[in-house]
Structure formats: structure tokens, C-alpha cells
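Peer 1: Protein chains in written order, with UniProt numbering: chain A, 1 to 79; chain B, 1 to 79; chain C, 1 to 79; chain D, 1 to 79; chain E, 1 to 79; chain F, 1 to 79.
Just to be clear, a hint being listed does not mean it is correct.
Intra- or inter-copy, both count: the list cannot distinguish identical chains.
Stated by the list, open to error - Here are the simulated SDA-like cross-link-like pairs (lysine to any residue), alpha carbons at most 25 Å apart as the crow flies: (1) Lys30 to Pro15; (2) Lys30 to Gln68; (3) Lys30 to Glu11; (4) Lys30 to Arg10; (5) Lys42 to Pro15; (6) Lys30 to Asn74; (7) Lys30 to Tyr69; (8) Lys30 to Gly12; (9) Lys42 to Ser18; (10) Lys30 to Ser75; (11) Lys30 to Pro43; (12) Lys42 to Ala19; (13) Lys42 to Ala17; (14) Lys42 to Gly31.
The hints are simulated quantities; they were obtained by calculation from the structure and are not laboratory data.
Number of protein chains: 6
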Amino acid sequence: MPIVTIQITREGSTPGASAATAEEKAALIKGVSELLLDVLNKPLDSTFVVIDEVDTENWGRGGLPVEQYRRQQNSGSPE
Amino acid sequence: MPIVTIQITREGSTPGASAATAEEKAALIKGVSELLLDVLNKPLDSTFVVIDEVDTENWGRGGLPVEQYRRQQNSGSPE
Amino acid sequence: MPIVTIQITREGSTPGASAATAEEKAALIKGVSELLLDVLNKPLDSTFVVIDEVDTENWGRGGLPVEQYRRQQNSGSPE
Amino acid sequence: MPIVTIQITREGSTPGASAATAEEKAALIKGVSELLLDVLNKPLDSTFVVIDEVDTENWGRGGLPVEQYRRQQNSGSPE
Amino acid sequence: MPIVTIQITREGSTPGASAATAEEKAALIKGVSELLLDVLNKPLDSTFVVIDEVDTENWGRGGLPVEQYRRQQNSGSPE
Amino acid sequence: MPIVTIQITREGSTPGASAATAEEKAALIKGVSELLLDVLNKPLDSTFVVIDEVDTENWGRGGLPVEQYRRQQNSGSPE
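Bound-form chain A, shown alone:
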């Protein structure tokens, strides 16, 4: 009876999208449920999936909000 929580930033993966689409979310739910079936033999019906979308200003890495972190990485400045 697995529970899978997927935390992602709230932003699009394609131009023009501002967040993961319903289709992308459905693909995550399907994929991870099938993974639990394949690897641990957990019935699809017993796996719960929760997708948690986090605003980019609420996500940090490298001591910085994620958008600043990415700009820093891209600029080649030392970390």
C-alpha cells in the first residue's frame, strides 16, 4: 500500500505552459504506480500518488531561491 509523493516546482515543461499539465500529471501517476507494481509487486489499486506543486520562490538550492540558483549556474560564476 505505497504512498508516493512527487514534489515539483510549479512551472511548465514546455513553452507557454506555466505548470505541469493534467496529461503530464496523469503520466506521472501511471508511471510511478506501474513502477511499484513491477518492482515490488504492489497492486495498482493500492498505490496512492500525491503531486505537490511548489512555487519557485518557495524552493531553494545552493542557498538560493531556485530561479536565482539557475541563473547563477548558467552564468558560470563560481558556486
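Chain A is already provided as a structure; the job is to place chains B, C, D, E and F on it using the hints.
Peer 2: Relative to the frame of chain A, chains B, C, D, E and F by itself:
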């Protein structure tokens, strides 16, 4: 000093409601805090409760987003 | 399809017990599942409960590990 | 920069195993990281995965500890 | 490779603010990442931080929604 | 009334240590509670901290269990 996290889908439990009401949330907070007091003798004051409302398209079961899962269950089709 | 996570310190609620007993855990699971049924009309079968026991040295309050915090509270020293 | 948390009961999926094996865990980590790459174009390197193994007496469903719940399901008694 | 989750109520810390500001969030991300570096020698780059803002009606303490709890504390009524 | 969850791998930060020490944990609890006080004016007493130690085989990055990931990074092989 318990912490209780209650994750529910963001939808109403009664016709016309689109989410749990403030009264329902207060009843969850009261009920679960009293449960910890009754079962484990934890003072009410030391229990924190967080209710996390999850959009239905972000909640999966049976490999499907929850609304599709429910339609499938109701239609009697094999799982 | 609620998910309830109950985080408690790993310690007994009665003399001689070093952790919540299986009976106490069963009572938490039963109580919180019935609460979701009563308040939000969620079927018992669709509620998952996870109890997470946390070692006391891994739990902090008031800027202190919880056992130090309790000693400080009981000694009446200013916080 | 996704974070995926996979909560499973601490029990084996094959005879003689008392928990998921290191190989099964590695397969979960690989599979879910590749899923995020495929669906949302997240680089493998930016996905963190945490597997949280929960003792069966700490996992509840249907208002019961999970092992009791399974026995009830298998016995065909009304829920 | 630590993951730090900071759950706070969605409310301002200064007059006129209705939530933590982007600057306050950046200060939390910076501070906690540096703490992990100082205490456990974790490189800044390997620490992920997620800030989870919770509506006040979804946060409970003392068996009450947090705003009621605070009014009760301030009024000096017995808990 | 913040709740801070710090997830770290269960391993030592100094030679001979197999996990974070009680002193290191106390420093994390103190540091993060003071950070919430400094940045958001949250009283020390109202911040809860939970440290969650995760076995290295249960932690993944780059599609690999973390110890394999680190070896790969150090060997300079392409990711």
C-alpha cells in the same frame, strides 16, 4: 508533541461545497487532538495539526487521477 | 482518499513502556479513520494512516532537543 | 529539482525477504528518476528520491493495522 | 544531500503583509543551507529547501484552528 | 508555529561517526529555531523540529542510490 498531517482532496463533502468547510476543518483538528490525548495522553496544547488540501488532478490511485479512478470504479469495469 | 500521518516521539505513555504499543497504534488508526468518516464522509477503506515514530533526540522544541525542553519547562526556569 | 518520497511497508516482496532489497530500492530510484526525465524533462541529476520504510504495525487502512486489514479482506468478511 | 521542509502559516510577519515575503523566504533558504554546511559539512549545493505555506484555517493547535487558539491564549482563559 | 523537517542521510560527518551526533542534532534544532525567530519573528517555543535520518540505500540521486552516485561523481565518469 505530536504532529498530525491530514491530506485530503480539495472537494466538498456536501452538495454545493467545493472544499472542506472551516467547520469541518475545525472538527478534524479537534477530533484528532482529542484522540492523541485519549490514546497517548498527549496534552491538547502540544499537538499540531496541518490539513493539506490536494487538487483532485494531483491525486492518483489505481494508476489514474482520482476522478478517473472513481468513474472506473463506478462503471463496474474490471480494474 | 485521505492520508493521515501521525508523528510522535518514540517513548512510552505508561511506566515501563519504551514506545507506543501495538494496541495504542491500532487505536490511533481506528480513531482517525472514523473521524474522517464522521466529518468528511470518507469511507474507512479509503483512508491510509502512517504512524512515524521519532527518536526523542531527533525532535526539537523551544530551540532544544525535546527532553532538554521538558526539563527546562519543569524546572520553572525562564524560557 | 523534484523530490520523490516513496513510502512502503517494511516487508519483503519475495519469500524469505523481510524488506525491500537493495536491488529493489535501486530499481525504484532509477525508475522514478527516469520517469521525471521522460515526463517533465527533469535532469536525472536534479531528482532526489527518499524511500521511507514503515513498519506494518505503523500502517493503517480501513481503520485497522494493515496486517489485520489484509486478513479481513482475504477472509471475505464484510468490511 | 539534505532536504529541509519549512512549514509556516500563510500570514505576514509585518503590518500590511499577508504572507512571508520573497526576501524572507530567501533568508530562510540561505540560513538553513548555511546551517547544514556549518553543522554537518553539507555543501550548499546539495541542500534542497521547500517552504510550505499553510492557510491559517488549515493549521491547528490546542485542538483549535490556530487563530482561535491564539485568541484563547491572549484572553487568559484556561486552556 | 512552524514545523521544520530536516532529512539527512544516516552517516557521520566526522571519521569514526556512523551518524549525526546528539550534539550536531542539538545544533541543528537550535540553529533552525533561531533562524525562524530572526527572519519571521516566530517565538522559539512555537517551532517544532523533526530530524529524519534516512539510510543511504534509501536515498537516491542522479537515478542511483546515493553511495553509487557519489562514486560516479568522484570517478569523473560522465553522468
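Peer 1: Check each numbered hint against the structure and report the violated ones by number, ascending.
Peer 2: Failing hints: none at all.
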